[in-house]
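2 protein chains.
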Amino acid sequence: MPKISIKGLAMPESPIRKLVPYAEAATKKGRTIYQLNIGQPDIKTPAKALAAVKTNNIEVLSYSHSAGFESYRKKLAAYYKKNDIEISSNDLIITTGGSEALLFAMGTIADADDEIIIPEPFYANYNGFATSSGVTVVPVQSNIEDGFALPPISEFEKLITPKTKAILICNPGNPTGYLYTREEISQLAEIVKKHDLFLVADEVYREFAYDGATHYSIMSVPGLEEHAIMIDSVSKRYSMCGARIGCIASKNKEVMKTAMKFAQARLSPPTFAQIASEAALDTPQEYFDEVIEEYTSRRNTLVKGLEEIDGVIVAKPKGAFYCIAQLPIEDAEDFAKWLLESFHLNNETVMVAPAAGFYSTPGTGLNQVRIAYVLKEEDLKRAVEILKAALKEYRA
Amino acid sequence: MPKISIKGLAMPESPIRKLVPYAEAATKKGRTIYQLNIGQPDIKTPAKALAAVKTNNIEVLSYSHSAGFESYRKKLAAYYKKNDIEISSNDLIITTGGSEALLFAMGTIADADDEIIIPEPFYANYNGFATSSGVTVVPVQSNIEDGFALPPISEFEKLITPKTKAILICNPGNPTGYLYTREEISQLAEIVKKHDLFLVADEVYREFAYDGATHYSIMSVPGLEEHAIMIDSVSKRYSMCGARIGCIASKNKEVMKTAMKFAQARLSPPTFAQIASEAALDTPQEYFDEVIEEYTSRRNTLVKGLEEIDGVIVAKPKGAFYCIAQLPIEDAEDFAKWLLESFHLNNETVMVAPAAGFYSTPGTGLNQVRIAYVLKEEDLKRAVEILKAALKEYRA
Numbered sequence: 000m001p002k003i004s005i006k007g008l009a010m011p012e013s014p015i016r017k018l019v020p021y022a023e024a025a026t027k028k029g030r031t032i033y034q035l036n037i038g039q040p041d042i043k044t045p046a047k048a049l050a051a052v053k054t055n056n057i058e059v060l061s062y063s064h065s066a067g068f069e070s071y072r073k074k075l076a077a078y079y080k081k082n083d084i085e086i087s088s089n090d091l092i093i094t095t096g097g098s099e100a101l102l103f104a105m106g107t108i109a110d111a112d113d114e115i116i117i118p119e120p121f122y123a124n125y126n127g128f129a130t131s132s133g134v135t136v137v138p139v140q141s142n143i144e145d146g147f148a149l150p151p152i153s154e155f156e157k158l159i160t161p162k163t164k165a166i167l168i169c170n171p172g173n174p175t176g177y178l179y180t181r182e183e184i185s186q187l188a189e190i191v192k193k194h195d196l197f198l199v200a201d202e203v204y205r206e207f208a209y210d211g212a213t214h215y216s217i218m219s220v221p222g223l224e225e226h227a228i229m230i231d232s233v234s235k236r237y238s239m240c241g242a243r244i245g246c247i248a249s250k251n252k253e254v255m256k257t258a259m260k261f262a263q264a265r266l267s268p269p270t271f272a273q274i275a276s277e278a279a280l281d282t283p284q285e286y287f288d289e290v291i292e293e294y295t296s297r298r299n300t301l302v303k304g305l306e307e308i309d310g311v312i313v314a315k316p317k318g319a320f321y322c323i324a325q326l327p328i329e330d331a332e333d334f335a336k337w338l339l340e341s342f343h344l345n346n347e348t349v350m351v352a353p354a355a356g357f358y359s360t361p362g363t364g365l366n367q368v369r370i371a372y373v374l375k376e377e378d379l380k381r382a383v384e385i386l387k388a389a390l391k392e393y394r395a
Numbered sequence: 000m001p002k003i004s005i006k007g008l009a010m011p012e013s014p015i016r017k018l019v020p021y022a023e024a025a026t027k028k029g030r031t032i033y034q035l036n037i038g039q040p041d042i043k044t045p046a047k048a049l050a051a052v053k054t055n056n057i058e059v060l061s062y063s064h065s066a067g068f069e070s071y072r073k074k075l076a077a078y079y080k081k082n083d084i085e086i087s088s089n090d091l092i093i094t095t096g097g098s099e100a101l102l103f104a105m106g107t108i109a110d111a112d113d114e115i116i117i118p119e120p121f122y123a124n125y126n127g128f129a130t131s132s133g134v135t136v137v138p139v140q141s142n143i144e145d146g147f148a149l150p151p152i153s154e155f156e157k158l159i160t161p162k163t164k165a166i167l168i169c170n171p172g173n174p175t176g177y178l179y180t181r182e183e184i185s186q187l188a189e190i191v192k193k194h195d196l197f198l199v200a201d202e203v204y205r206e207f208a209y210d211g212a213t214h215y216s217i218m219s220v221p222g223l224e225e226h227a228i229m230i231d232s233v234s235k236r237y238s239m240c241g242a243r244i245g246c247i248a249s250k251n252k253e254v255m256k257t258a259m260k261f262a263q264a265r266l267s268p269p270t271f272a273q274i275a276s277e278a279a280l281d282t283p284q285e286y287f288d289e290v291i292e293e294y295t296s297r298r299n300t301l302v303k304g305l306e307e308i309d310g311v312i313v314a315k316p317k318g319a320f321y322c323i324a325q326l327p328i329e330d331a332e333d334f335a336k337w338l339l340e341s342f343h344l345n346n347e348t349v350m351v352a353p354a355a356g357f358y359s360t361p362g363t364g365l366n367q368v369r370i371a372y373v374l375k376e377e378d379l380k381r382a383v384e385i386l387k388a389a390l391k392e393y394r395a
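Top line first, the protein sequences correspond to chains E and D. Numbering-wise, numbering that gives the first Met the number 0 puts 15 at position 16 of the first sequence, and it's gapless, one number per residue. Numbering-wise, numbering that gives the first Met the number 0 puts 17 at position 18 of the second sequence, and it's gapless, one number per residue.
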């Protein structure tokens with residue numbers, strides 16, 4: 000039998016999805032599961048976006064430009080301008096989700112065995128894109144004790160080698176919910192300039208900043224034009240995860256010229272989804288105001304509830320819709336399976352994502368879970384009650 | 000300034016799209032251009048596919064399963080069964096176009112510097128996917144004189160090294176229009192089994208077989224289950240290039256398990272496009288009958304017209320909707336630019352794809368062009384007239 004590639008064998012399985020068979024078995028037993036494990040919002044997609052797809056008058060569903068519709072790119076550039084990001088429609092390429100933007104970014108800046116430094120815990124699929132690109136992820140640890148703030152710059156500098164090509168951040172962070180301050184972004188800008196690296200920022204949760212805080216983009220840092228590469232997506236902003244539309248943006252012309260070659264090879268991003276995404280840009284501010292208010296309440300309810308459980312430590316998120324909670328147990332993966340296989344409270348249980356999959360350093364985060372607060376407040380309250388009862392029973 | 004990767008620099012520019020600026024300039028001068036250079040059919044997308052998208056009742060556009068809708072995979076398996084391809088819904092993963100299926104296939108079976116043998120000329124983007132995967136393409140030459148039939152197996156065997164992982168074919172062929180016979184597919188099956196390689200077949204033009212010929216899939220070859228990987232797409236079959244839906248299929252469980260890890264990293268294929276693709280499976284046979292009839296007429300008109308031009312050699316295609324024509328000139332790229340920049344017949348000109356971009360061996364195919372017969376017959380007739388006049392003037 001012909002052999003699978005070493006790369007293919009090394010590709011990580013999704014840490015979020017590997018509990019799915021246990022959940023399916025629990026559902027078959029008639030259990031209700033509160034899914035705190037995935038970042039699929041329950042928020043409705045803006046009506047304008049959905050309507051645009053329904054009223055399209057396409058007769059031949061043809062390829063679009065490899066960089067995406069020009070009309071969409073122009074409107075998107077205007078959206079960025081409103082967000083203090085001054086880029087033109089030529090500084091961005093529409094991609095098939097933020098996922099493809101990450102793949103293009105890695106291919107553009109790194110060769111096999113090159114290194115990219117990423118503060119951990121980080122979005123687990125960065126491992127997948129790195130493995131498929133042959134790139135080595137070098138983690139720098141952030142800690143729950145200080146809410147997953149940026150590690151000291153000296154910790155980054157210890158890790159920089161001749162193979163280091165970039166620092167990659169997610170801001171606001173999945174899975175930490177941490178929102179980097181202007182000061183932290185400036186520190187990162189200094190270090191990448193000093194060592195001639197790229198700074199790649201996954202900013203797909205831009206709108207999800209709470210308590211009056213404002214997101215500060217790497218694209219807004221003066222003098223960082225040649226270093227900054229932004230990854231973006233409509234998935235979370237408009238609750239359009241299934242569209243699969245994102246973008247890669249940089250003012251570095253060589254970066255964009257190279258990314259365009261990757262874009263041409265795959266021909267074009269999906270047409271219907273571009274129609275929806277372009278229309279979504281007309282979503283009124285009230286939509287976001289309501290969404291942010293809703294997520295703020297959810298976060299407050301979740302964090303308050305978790306903090307009231309004995310032995311639970313939680314890093315209060317400032318953005319996105321995730322938080323990492325440290326539980327008074329040793330093995331969160333075992334606990335997560337047990338929740339689905341062996342526990343229920345009035346036939347209900349919860350599903351959480353073991354956090355170890357978000358760490359690259361072996362043996363870290365073993366007693367942590369990622370919780371996505373993408374459920375209604377009353378469901379979150381109930382989920383926390385179940386978690387509390389479960390922890391008591393599990394530890395007994 | 001931080002550096003672009005070696006891989007990024009090596010990524011090929013699209014040979015099909017690089018003449019676009021010349022075409023834009025010609026359009027600005029008021030010229031009408033018959034576009035024979037791209038494989039974008041003018042055929043209408045099936046009404047059922049478009050209607051399904053318009054009548055969707057999605058409120059939250061959420062991620063789908065990473066392997067695609069289960070309902071779609073089941074219907075797709077039934078479609079394959081009708082085409083003598085016995086696979087179950089678990090033997091296939093829905094991808095974002097055939098493009099992504101190729102990327103998953105390469106990642107699954109080859110590591111950096113591994114080799115894949117491909118009969119040339121071949122679909123130019125294979126180079127892009129190979130470069131981005133770090134894989135080396137090893138071309139084996141097929142020739143216009145015998146219509147681009149399968150090169151002798153001995154020619155493949157000369158090229159097999161310990162780094163060879165697979166043979167990749169496109170059947171029916173883009174850009175050659177060649178349809179491999181059952182005998183040729185059997186020869187390929189024998190050689191991959193003998194040398195323990197994968198056989199990857201891009202079968203996206205399956206339906207486009209002319210003169211009563213039937214497409215013979217690698218998935219139908221007995222005993223090839225562990226070696227065969229099929230790439231497919233809805234783009235050409237239903238004139239839905241903009242959907243960006245394809246699939247990768249294999250009965251090799253390890254291959255599918257590995258491809259699934261690549262699929263999970265990018266989360267899911269586009270939702271609207273899956274809805275359209277699933278509905279497209281209900282397209283009645285008459286649609287295809289009409290399309291095949293139309294393409295057969297177009298092919299006949301084109302080939303007849305080209306053969307009547309002095310010094311032109313054309314390999315009559317048996318499938319797909321491309322042909323390679325050898326012109327009585329030295330440099331087809333120069334000629335293609337000249338057609339756009341300096342020539343017109345009553346203010347009309349044609350755009351062709353220089354074939355050199357479809358060859359991997361430097362210096363081959365320089366006097367050939369790829370012509371896609373995706374235009375109405377009367378337009379094809381006119382395009383041939385223009386080409387004839389242009390060749391006369393260019394050679395004068």
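Simulated from the structure, these hints should not be mistaken for laboratory data. Just so it is clear, the structure is predicted and the values come from calculations on it, not from any experiment. Some hints here could point you the wrong way.
[Unchecked claim] With a straight-line cut-off of 16 Å between C-alpha atoms, the simulated EDC-like cross-links for lysine to aspartate or glutamate are: (1) D:K157 - D:E114; (2) E:K2 - D:E114; (3) D:K303 - D:E224; (4) E:K81 - E:D281; (5) D:K256 - D:E293; (6) E:K2 - D:D195; (7) E:K43 - D:E340; (8) D:K2 - E:E58; (9) E:K47 - D:E58; (10) D:K2 - E:E114; (11) D:K375 - D:E253; (12) D:K193 - D:E225; (13) D:K336 - D:D378; (14) E:K2 - D:E293; (15) D:K2 - E:E285; (16) D:K73 - D:E85; (17) E:K336 - E:E347; (18) D:K256 - D:E225; (19) D:K47 - E:E285; (20) D:K2 - E:E253; (21) E:K162 - E:E114; (22) E:K2 - D:E12; (23) D:K192 - D:E224; (24) E:K303 - E:D195; (25) D:K43 - E:E58; (26) E:K256 - D:E253; (27) E:K2 - D:E253; (28) E:K336 - E:E23; (29) D:K256 - E:E12; (30) D:K2 - E:D281; (31) D:K53 - E:E58; (32) E:K53 - D:E58; (33) E:K47 - E:E285.
Here is how each hint holds up against the structure:
no.: 1; hint: D:K157 - D:E114; verdict: holds (13 Å)
no.: 2; hint: E:K2 - D:E114; verdict: holds (13 Å)
no.: 3; hint: D:K303 - D:E224; verdict: violated (41 Å)
no.: 4; hint: E:K81 - E:D281; verdict: holds (13 Å)
no.: 5; hint: D:K256 - D:E293; verdict: violated (40 Å)
no.: 6; hint: E:K2 - D:D195; verdict: holds (8 Å)
no.: 7; hint: E:K43 - D:E340; verdict: violated (51 Å)
no.: 8; hint: D:K2 - E:E58; verdict: violated (44 Å)
no.: 9; hint: E:K47 - D:E58; verdict: holds (11 Å)
no.: 10; hint: D:K2 - E:E114; verdict: holds (13 Å)
no.: 11; hint: D:K375 - D:E253; verdict: violated (45 Å)
no.: 12; hint: D:K193 - D:E225; verdict: holds (13 Å)
no.: 13; hint: D:K336 - D:D378; verdict: violated (20 Å)
no.: 14; hint: E:K2 - D:E293; verdict: violated (43 Å)
no.: 15; hint: D:K2 - E:E285; verdict: violated (42 Å)
no.: 16; hint: D:K73 - D:E85; verdict: holds (12 Å)
no.: 17; hint: E:K336 - E:E347; verdict: holds (14 Å)
no.: 18; hint: D:K256 - D:E225; verdict: holds (13 Å)
no.: 19; hint: D:K47 - E:E285; verdict: violated (36 Å)
no.: 20; hint: D:K2 - E:E253; verdict: holds (9 Å)
no.: 21; hint: E:K162 - E:E114; verdict: holds (6 Å)
no.: 22; hint: E:K2 - D:E12; verdict: violated (31 Å)
no.: 23; hint: D:K192 - D:E224; verdict: holds (10 Å)
no.: 24; hint: E:K303 - E:D195; verdict: violated (43 Å)
no.: 25; hint: D:K43 - E:E58; verdict: holds (6 Å)
no.: 26; hint: E:K256 - D:E253; verdict: violated (36 Å)
no.: 27; hint: E:K2 - D:E253; verdict: holds (9 Å)
no.: 28; hint: E:K336 - E:E23; verdict: holds (12 Å)
no.: 29; hint: D:K256 - E:E12; verdict: holds (10 Å)
no.: 30; hint: D:K2 - E:D281; verdict: violated (37 Å)
no.: 31; hint: D:K53 - E:E58; verdict: holds (12 Å)
no.: 32; hint: E:K53 - D:E58; verdict: holds (12 Å)
no.: 33; hint: E:K47 - E:E285; verdict: holds (14 Å)
Of the numbered hints stated above, those contradicted by the structure are hints 3, 5, 7, 8, 11, 13, 14, 15, 19, 22, 24, 26 and 30, listed in ascending order.
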